[in-house]
Amino acid sequence: MHDAEPVEQAPQGDGFGAAGRFLLTVTKNVAIAGGLVFVGLVAMSIVSIVGRKLFAWPVPGDVELLQMCAAFASSAFFAYCHMANGDVKVDFFTHNLAPRTVARLDAIGSLLVGAFGTVLAWRTAVGALAVHEVGETSAVLAIPVWIAQALMVPGFALLAAAGFYMCAHRLHLSGRVLR
Amino acid sequence: MTGIETGFAIFGVMLVLMVGRVPIGIAMFIVGFGGYLHLTGGNVAALLNSLKNLAYARLSNYDLVVIPLFLLMGQFATHGGLSKALFRFVGAFIGHRKGGIAMAAIGACAGFGAICGSSVATAATMGQVALPELRRFGYSGSLATGTLAAGGTLGIMIPPSVPLVIYAILTQESIGKLFMAAVVPGVIAMLGYMLVVKIIVTLKPGAGPAGPRVGWPERLRCLLQVLPVLLVFLVVIVGIYGGWANPTEAAAIGAAACGAIAIIGGGMRGKGLIDSALGTAQATAMIYLVLLGADMMNTTLAISQMPAELANWVKASGLSPLLVMAMILLIYIFLGCVMDALAMILLTIPIFYPMVMALDFWGMSASDKSIWFGILALMVVEIGLVHPPVGLNVYIINRLAKDVPLTETFKGVIPFLVSDAIRTTLLLFFPVISLYLVHAFKQ
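If you read the protein sequences in the order shown, they are chains A and B.
First residue of the first sequence: 2, per the working numbering; consecutive thereafter.
First residue of the second sequence: 30, per the working numbering; consecutive thereafter.
So that you can see chain A by itself, here it is in the shape it has in the complex:
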């Protein structure tokens, strides 16, 4: 159950090829961008709280902005976490197995992560289209809700790519390096 601690970075890009290094760079920058969205949300919340307490004038629609931005910004985090081996998993029962077996088990895990990302990207896209047709908008600013939902699709698609890449990468490792 090793969650990579936030302070210390997990080993990254262990033996990645060019495609893997590219994917790692992309996922990392997307995750940073998502994190910076949260920094922006903090700033907006402060302006809104101060505005409301002092001048009875909060940022209009602060709650809905926070919800929409938080949703798509969080979806940007998943792919990097998987590329950096950050998943929460139980490794107690397998730490005595041969590295090759562990790499194969992890390849299955990554394949399932890829499938999960694919399903969520697909269903979230369908969901966004459905909301688009209904024309649902947010209560205060009248922002179409489908936009926020659609912005989550790239995050999950990237997670799918990360899962499939890591699956191939781990199979490759189990076949060559760790024989």
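Take the hints with a grain of salt, since some may be wrong.
[Said to hold, decoys possible] Cβ pair distances, simulated, as ranges:
{"#": "1", "chain 1": "A", "residue 1": "P59", "chain 2": "B", "residue 2": "L253", "range": "30 to 36 Å"}
{"#": "2", "chain 1": "B", "residue 1": "G296", "chain 2": "A", "residue 2": "H96", "range": "35 to 41 Å"}
{"#": "3", "chain 1": "A", "residue 1": "N86", "chain 2": "B", "residue 2": "A395", "range": "40 to 46 Å"}
{"#": "4", "chain 1": "B", "residue 1": "G70", "chain 2": "A", "residue 2": "R22", "range": "45 to 51 Å"}
{"#": "5", "chain 1": "A", "residue 1": "N30", "chain 2": "B", "residue 2": "F37", "range": "40 to 46 Å"}
{"#": "6", "chain 1": "B", "residue 1": "K431", "chain 2": "A", "residue 2": "A44", "range": "38 to 44 Å"}
Derived by calculation from the structure, the hints in this document are not laboratory data.
Ideal Cβ placement from N, Cα and C applies to all residues, glycine included.
With the hints as your guide, set chain B onto chain A.
Frame of chain A, contents of chain B only:
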């Protein structure tokens, strides 16, 4: 199959997947997915329909946003050098006593826990600051590392606490009340750990020598440096509980304050900001992936009615409520051998919560019972971070202390586990410890 049988089948398959190193969130999602199809007689259309909104509904949840915000706050606090200031501050007051520097490390962990919602981050951050000092003053390896591994758990015991936020969201309990309820047990935990150090150095004076005495002018200077921590803690806890900021706003204020401290006091610049964003991203994704999987699984468990049937069965069995509670707590300790705190909470609360709520404990009201159980669950999942075989904090601290063998660290942790056991028993038999502040400051 009855609901209970389906429920158990779901858990069985999930455990197999988890043992095979499938990420916990994905394992939960898969069994939820499969179980849903089984229970609805293969209704793929209904399943696909329910998935359309799964991610957006969860990730746009207003209360849930406190988690990335608290994680960001912890990242800023780490960059702001607050850990060092806290350690110096407590050390200035008690460092000259025997074992005083270890006690100072515990006090500093508690202080850092007040602005950080994660145990692992607390252990890692305080370990980097305090471990070199402890070794410099000649503290034994087992005492130094045991103290820090145990002290790290104060990170989640003292609010803000990420597992409590998850508990609150799962049970629709008030985050403010839970945080308030965790304050006294958290302080008791800190004092208990300090007492453990005191007993150890009384028995083995060589294990923890005294540090230098520090004069009052220096003490006051140290106090000034930790005032921001106190301020942030008060704003977050009192703000939430007093009702003038909701938890999400309070977390934003806390994050902004720690960010300002990091920029002004800690010299955080562009790189620090990007590191903080990335650290927040990874820690959030870890939690959210488990959360999305748990959503799918809990939908299926609800359809199976297993939690309700199990609760009824336990209620009808006539087992003593305290015995049931003791069994639940023991299950947590066993699960703690293989799983982390959040996964345990997400996995078990949907099952145990209805069970606990169906039982009668000294005629406690439903809302009291739900808060009391939340605190108890927090205490026992925290124990999993330090007890063998996997205690994550132990590994983190041990990795920092290269000259101390792992067995020494685990030996060093045992006295602190005794204190954990005593505290948990106290909280079990005296709910008033958790509920006192909640009742004293009624909203």
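Tested hints:
1. A:P59 with B:L253: 30 to 36 Å: The hinted range 30 to 36 Å holds for P59 of chain A and L253 of chain B, with Cβ atoms some 33 Å apart.
2. B:G296 with A:H96: 35 to 41 Å: holds, 40 Å
3. A:N86 with B:A395: 40 to 46 Å: holds, 42 Å
4. B:G70 with A:R22: 45 to 51 Å: This hint holds: roughly 47 Å between Cβ atoms.
5. A:N30 with B:F37: 40 to 46 Å: holds, 44 Å
6. B:K431 with A:A44: 38 to 44 Å: The hint (38 to 44 Å, Cβ to Cβ) holds, given that K431 of chain B and A44 of chain A are roughly 41 Å apart.
Of the numbered hints listed earlier, not one is contradicted by the structure.
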